[in-house]
Structure formats: structure tokens, C-alpha cells
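Peer 1: Sequence:
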Amino acid sequence: MKRWSSGFVNDGNWQRRGENCPIPFSIFNISSLQIINLGYNMLSGHLSSNTFDQLAMLQEFWLDNNHVSGRIPTSLFKCKRLEYLYLAENQLEGSVPIEIGNLTLLKFLALQNNRFQGVIPSTIRRLTLLTYLDFSSNKLTGRLRILPPSLLWFFAARNKLVGNIPASICNVSSLKDLDLSENSLGGIIPKCFWNLSFSLIDLNLQKNNFHGILSAGIIFPKSCFLRSFRINSNQFEGPVPQFLVNCKDLEILDLGHNNFNDTFPVWLGNSNNLQILVLRSNRFHGQIINSEVASSFSHLRIIDISHNDFSGCLPSKFFEGLLAISNGYEKTSEPRYIGYEYSSNIAYYVDSFFITIKGPELECLRIIIFYLMAINFSNNQFNGQIPKIIGKLQSLTALNLSHNSLTGAIPTSLGNLSNLESLDLSSNRLEGKIPAQLINLVFLDGLNFSWNNLMGPIPQENQFSTFSNDSYIGNSGLCGLPLSKICDNDEGLEPPPAISDGDDDITRAFDWRFATLIGYGCGLVFGFIMGYIVFTTEKPWWFIRMTERVEQKYGTTIYTIHLMFLGWICSN
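Just so we're aligned, residue 5 is where the sequence shown starts under my numbering, counting upward by one.
Honestly, the hints are just simulated from the structure, not real lab data.
Please note that a few of the clues may not be correct.
[Unchecked claim] Simulated pairs of lysine-lysine, DSSO-like, Cα-Cα distance not exceeding 30 Å:
| id | residue 1 | residue 2 |
| --- | --- | --- |
| 1 | K396 | K437 |
| 2 | K437 | K489 |
| 3 | K164 | K143 |
| 4 | K143 | K82 |
| 5 | K111 | K143 |
| 6 | K211 | K143 |
| 7 | K164 | K195 |
Work out the full structure, taking the sequences as your base and the hints as a guide.
Peer 2: So this is what it looks like as C-alpha cells:
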């Protein structure tokens, strides 16, 4: 098979990767070429109308991640043998040509992150061998068209699509991944759609205008394979759909920002793989009863039930069952990338989810779930004391119990949360002193104790010396820096809690941070070595395409996203 890849310097006129350069049109005169890979260069310019006239044998064309503009040339559709067409991450514009339907051998079509306008061409249905179709992040309008029944992956997120999901989508019986998020779609989901659970792994309908009661007359087959079910920011109502009880592999469930009216769905604890549960901003109500949640939700890493009407005491048995957040659970395991990724020589799809602890909503990559452990019970009607058992969740990175009616003292056991980076207990009725044990939280970056009835001196050691007045406002009994109120002699600061040689949490914490710095150093050296190998030899383009797409899509590194998320937690 004749292949031309931009990973090589073919002649003296070809510029090395990373420099601005025009499209090397000379290669398009090599009529025997079957594969052309120009992906991930700094190529610019237009594809001329006759670019593909000589390439009747072409089977694969890769032009992704460049700066190519203009329209798709009509000569491309003369390449009847084309199977893989990757034009993603460019500046292509105009409509998607109806001639795309002439490429009847096409298996893979990626047009995401361009400037395409107009409707999805109806001729797409002719592509009976197509398995991967990505229209995401364009300006496409109109309604969804009839799709090829062969599709396994269909992405049309972040466009301007309108109308209902057509019942014809039910004919795509092998669909694994469907992302229609961030459009203007609406109406009721057709009942036949749920028959796709035989194959569907990831469903994302977030940020549309869908409505209706999902549980009405819907029976999910017992062989449900869903791992991710995200319908955040729609207008769904009624109870949590009971058909999810059959989805034993469910990892992400995001029902946030809808009108669901139900009690806490304790039966979700039977989904042994559930790791993210978002019920935020609905009409959930009632108590979370200890006896009903005992020994459940053992894999849960992130839970956000904020902005509802839950009441009663905080469920200590629920926290006791959060084994994935407890110290030592899965500590020796390798990080597992939650959710579904498709990886081969043609694609790598990394998805995301939306989570809010407090403040602006942040989009997080699934890849960080191994490191992020968060609990948000804020803006409800919980009362009583904060359970001491929370202090055993030693992998917890973020805790928000604000805007409830909690009473009593802050448990000293919270000082055991050695990985905690954000703590918000504001707007409750907590009383007593701030426990001196909290100075052990050496990674604490966000703190909010405002608007309670706390009293006594504010701890000054470690991270507590970095917080501002806003962290303590509304507690008239507090004294000491950063407040202007000076402590009386009888309110003198308590000595820091004694730490035994065998259980030195602070030392262990700094040992961990030191080990992390060593890891970063080794990783930097390794990165330079791998970079040299990759860019001076033939580039393993499928791997680079995966990593660069993640960085380009989210504009930051995974670690930065993690820190940003925690930084929002105590913001107002």
C-alpha cells in the first residue's frame, strides 16, 4: 500500500513539523497513493477544486489539526475508494456537500471543530458502511437527519440543531455512543429510543430543551450496557427513571438542572460501578434514611445533590459506605479512566462531565476521576450535627455542606482528611471553636466558615495563615488574624494537637508532596526523551492525536483542571 506521511522529510523543500508551511500540493500528483497523512502540522491555505483529480486510489486522507480554510473541494468526492476522511480541527467552512453521499465505502468521517454551516445533508443515509461520524463544534442548523444504520459512534454536540430526535434513530440498533449535547433540540424522547440500551454505552443529551417523564411506560431490557447517562440542563420531570436499575455497569449519572421530583434514589446503590452521581438543582426532597443506604454506593467518588429540598440529619451510614473515598481503598490500583473510550488506529474519544460544588459550573475530563473525590450536600434543609464518620473519608478532596441548618461543633475528626483541598461549612448554625486539628489539612486551598456561630481564636498555623476575612465573616465570636478582633488572654490560642511519631499526618503529607515533585521531575525528563524520539522519527500519530485533542479541546492540562475545580468550590 502506497502511503505518504508528513512525519518524514521527503525533500529539501519540505519544512519540518511545527513550522508554518503551505499545503504540499505536489504529493497530490502521485496517483498511486492510497493513504495521505498530513495531520497535526501547521499547514495553511485552501484545497483547490482539482486537488484530488489524480487520486482515484486514495483510501485514507488525514488533514486534522491544521489551519486549512475554505470549502471541501468537489474533486474529493471522485475518490470512490475513500474509507477514512479526517478533516477535523481546521477552519473549513460552507455547507457539508451533498456529494458526501457518493463516498459509499466511507467508514470514518470526522468534521468536528470547523466552521461548517447549514443542514446535515440527507445523503448521509447512503453511507451504509459508516461507523464513526463526528459533526461536533460547528454551526450546523436544522433537524437531525436519517442516519446510516451501521453507525456505532455519532457526535453532533455544540451545534444549532433544532427539533425532536427522530424515531428513525431507533433503526441504528448498534449505536454505542451518542452525543447531542449543547444544541436546541427538544420535545419528548421517542420510547423506541430506549431499545438502544442493548448497545448504547454513553448517552449525552445535556443542555437541550427535552422534556417529559422518562419513566412513563419505559421498560429497559435487563441487558442494559449504559455506563454514562447525562441529561443535565433539560426540562425532564417526574421520578428518577426506574429503568436505570437494570444498568449494572452505570458509572456516570448526571440528572442535574431538571425538574425531577422524587426522594433520594437509594436503589442506585445496586449499581456497583456508579462513581459520579449528580442530582443538583431539581426538586428532590425527604430524608436520606441510614438503614436504606447502608453498604451502598461503595464506588462513588463524586456526589452532588445540592440545591434541592433534602431534609433530616446527614446520613452517617451513607458516608460510612463510601469506600472509594475512604483511606486505603483502591490505593494500590492503577488509575482507571472512567467511562468509555474507543481506541484504535483511527480514533480516541475522551469525554467529559459537568460538576458544580459551589460557584460556576466546570467541565471536567473523565480522566481525572481517579484523583477527584467530592461531596456536595449544600443548599438543602439538612439539620443536626456533622457526622464524625466523615473524618474517615481520607481521600476526600472537596466537601461542601454549606447553606443548611447544621448545628453543633465542627468535628475534630475532619482534621484527618489529609487530602482535603476545599472545605465549605458556611451559612449553617455551627457553634464552638474551630478545631485545632484542622491545621493538619496542609493541602487546604479553599475554606469558608462564614455565617455561623463559631467563637474563639482562629488557628494560625499552616494553611490557616493564608485565608482572608471572607472565610470567617458572620461569626461575631471569632477572634485573631485575619480578623481585626483581638483575642483576650483567656481566649489564647490552643497549642496544636500532639502528633505521635507513628502517625505523623503532616509529615506523611509533605512526604507525599515531595514524592510528587520527584515524579514530576522524572516525568519531565521522560517527556523530553519521548519528544525527541517522536519528532525525529516517524510519529506515532494516533497517540499524539489523542493527547493533543484533549489539550486543544479543554485548553489546559488535566492537573490544572483539577486545581481550577477545587478553586471554585468556596467562591461566591
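Peer 1: Does each hint hold? Answer for all of them.
Peer 2: Each hint, compared with the structure:
Distance check on the hinted pair: K396 and K437 sit about 21 Å apart at the alpha-carbon level, within 30 Å; holds. Of the pairs offered as hints, the one joining K437 and K489 holds, with about 15 Å between alpha carbons and a cut-off of 30 Å not exceeded. Among the hinted pairs, K164 with K143 is consistent with the structure: their alpha-carbon atoms are about 6 Å apart, no more than 30 Å. For the hint pairing K143 with K82, the CA-to-CA distance comes to about 26 Å; that is within 30 Å, so the pair holds.
About 23 Å separates the Cα atoms of K111 and K143, which keeps this hinted pair within 30 Å; it holds. Restraint check for K211 and K143: the C-alpha separation of about 16 Å stays at or below 30 Å, so the hint holds. Of the pairs offered as hints, the one joining K164 and K195 holds, with about 24 Å between alpha carbons and a cut-off of 30 Å not exceeded.
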